[in-house]
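Peer 1: Residue strings, one per chain:
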Amino acid sequence: LNDPKRLLEEGPTELERSLLSAVAAEQPSSEHRMRVREAMGLADAGGPASATRTASSSTGKMVMVGVVGAGAVAALLLLGRARQAAPAPIAPAPQEVPAAPVVPEVSPATAAPEAPPAVEPSDPAVAPRATHRTSVAAPSASSDIREQIRLIDEARSAVAAHDAASALRTLDQYRSKFPGGALDQEATVLRIEALDQRGDHAQAASMARAFLARNPASAHATRLQRIAAQ
Amino acid sequence: MFNEHHDFIWRLLRRLGVSREKADDASQNVFLVATGRVDSIQPGSERAFLFGTALRVARAHQRTERRWLLDDEMDSRRSEASKPDKVVEQRMAVDLMDRVLHTMDLDLRTAFVLFELEGLSTPEIAALADIPLGTAASRLRRAREQFRETVAQFENEKKRAAGSQS
Chain P
6 LNDPKRLLEE GPTELERSLL SAVAAEQPSS EHRMRVREAM GLADAGGPAS ATRTASSSTG
66 KMVMVGVVGA GAVAALLLLG RARQAAPAPI APAPQEVPAA PVVPEVSPAT AAPEAPPAVE
126 PSDPAVAPRA THRTSVAAPS ASSDIREQIR LIDEARSAVA AHDAASALRT LDQYRSKFPG
186 GALDQEATVL RIEALDQRGD HAQAASMARA FLARNPASAH ATRLQRIAAQ
Chain B
155 MFNEHHDFIW RLLRRLGVSR EKADDASQNV FLVATGRVDS IQPGSERAFL FGTALRVARA
215 HQRTERRWLL DDEMDSRRSE ASKPDKVVEQ RMAVDLMDRV LHTMDLDLRT AFVLFELEGL
275 STPEIAALAD IPLGTAASRL RRAREQFRET VAQFENEKKR AAGSQS
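Quick note, the sequences are listed as chains P and B, same order. Counting with the working numbering, you get residues 6 to 235 for the letters of the first sequence. Counting with the working numbering, you get residues 155 to 320 for the letters of the second sequence.
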């Protein structure tokens with residue numbers, strides 16, 4: 006199987022070139038990189054090495070940054086008018102898609118925690134902003150994720166120690182604090198295992214089957230198949 | 155892991171439908187999840203882990219941000235006045251591209267973004283998305299066809315609009 010040529014190499018139309026070029030130039034702000042590094046505990050690791058790096062993609066190498074044809078602008082304005090006339094979304098409703106690819110060991114996020122309103126949105130279409138709000142950390146988002154991870158790890162340890170009661174207490178705590186949280190899928194898997202350990206085999210099997218029906222390609226599938234077969 | 159993959163993940167989230175306002179926090183969350191799971195990520199699988207996490211985050215945003223296109227457009231118009239023309243044009247082109255991408259389902263969009271914008275090969279896409287090579291190639295082919303059809307529709311509408319004004 007040979008790859009086709011990229012569209013930019015294939016003689017794109019003016020509008021196609023404009024659109025492909027425009028998104029290739031869009032990058033996260035330096036301020037955002039710094040913020041994530043801080044949140045990850047990497048703030049003192051020598052600064053953001055990628056801050057000045059341009060897109061490594063072939064597109065990034067091929068296009069002139071910031072070159073946007075008039076066709077794109079005209080088409081956008083046209084589309085804007087069309088949307089005013091017919092406010093329904095142009096896109097079809099998101100379709101149910103297969104489960105995410107299997108990732109090693111865990112299937113972390115099923116939903117992103119809501120962004121804290123205090124965080125100023127970045128403007129990635131413009132390279133590093135002129136106005137800086139340094140250290141605009143997102144403490145609630147960061148601490149939420151850390152707390153979610155702590156609770157899930159605690160529940161996992163309890164399951165590993167066959168302490169089902171403790172695991173279920175921790176998972177109840179997780180569910181009440183983070184309904185639909187980023188690690189909700191992992192919490193469900195641990196709950197199924199804890200219920201099974203506690204002797205609630207029927208409930209565990211029922212939940213396992215429902216989970217597998219919803220997430221057939223989950224990284225947890227193998228672990229749950231035994232319980233589902235009960 | 156951060157230096158090598160952060161910008162890729164941020165761009166991926168944006169192109170998969172996460173709005174400008176949410177992209178920073180979404181990418182931060184992806185890396186915080188990875189930080190918390192660093193011991194269980196097998197060496198060499200970092201990008202696959204981040205990709206899988208980003209895909210889930212993008213799906214979640216897709217469910218909660220049905221109105222992001224309109225909101226983005228309104229925000230964009232409010233802030234246009236203070237920016238140079240080039241920046242405004244750039245931003246409008248990005249918005250239009252996102253609308254074109256939004257007409258594709260997430261699987262096709264992912265294949266298109268990885269190939270056309272991130273420069274991955276079809277085998278790399280298949281490996282990253284954990285799908286057969288033929289599936290990756292098929293998704294890419296359909297995505298490219300859909301992209302060209304949608305852009306052509308826009309161009310035709312533009313011509314018709316220009317014709318009716320003259």
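Honestly, I wouldn't trust all of these hints.
Said to hold, decoys possible - Beta-carbon label-pair distances, calculated as ranges:
{"no.": "1", "chain 1": "P", "residue 1": "Glu-15", "chain 2": "B", "residue 2": "Pro-277", "range": "36 to 42 Å"}
{"no.": "2", "chain 1": "B", "residue 1": "Pro-197", "chain 2": "P", "residue 2": "Pro-184", "range": "32 to 38 Å"}
{"no.": "3", "chain 1": "P", "residue 1": "Arg-219", "chain 2": "B", "residue 2": "Arg-296", "range": "24 to 30 Å"}
Stated by the list, open to error - To give a feel for the contact side, a few chain P residues facing chain B, derived at Cβ under 10 Å:
{"no.": "4", "residue": "Leu-25"}
{"no.": "5", "residue": "Val-28"}
{"no.": "6", "residue": "Arg-42"}
{"no.": "7", "residue": "Gly-46"}
{"no.": "8", "residue": "Asp-149"}
{"no.": "9", "residue": "Leu-188"}
{"no.": "10", "residue": "Arg-214"}
{"no.": "11", "residue": "Leu-217"}
{"no.": "12", "residue": "Arg-219"}
Simulated from the structure, these hints should not be mistaken for laboratory data. On a predicted model such as this, the values are computed, not experimentally measured, just so you know. Positions of the beta carbon are idealized from the N, C-alpha and C atoms, including for glycine.
Peer 1: Would you pick out the hints that fail for this structure and give their numbers low to high?
Peer 2: 1, 10, 11, 12
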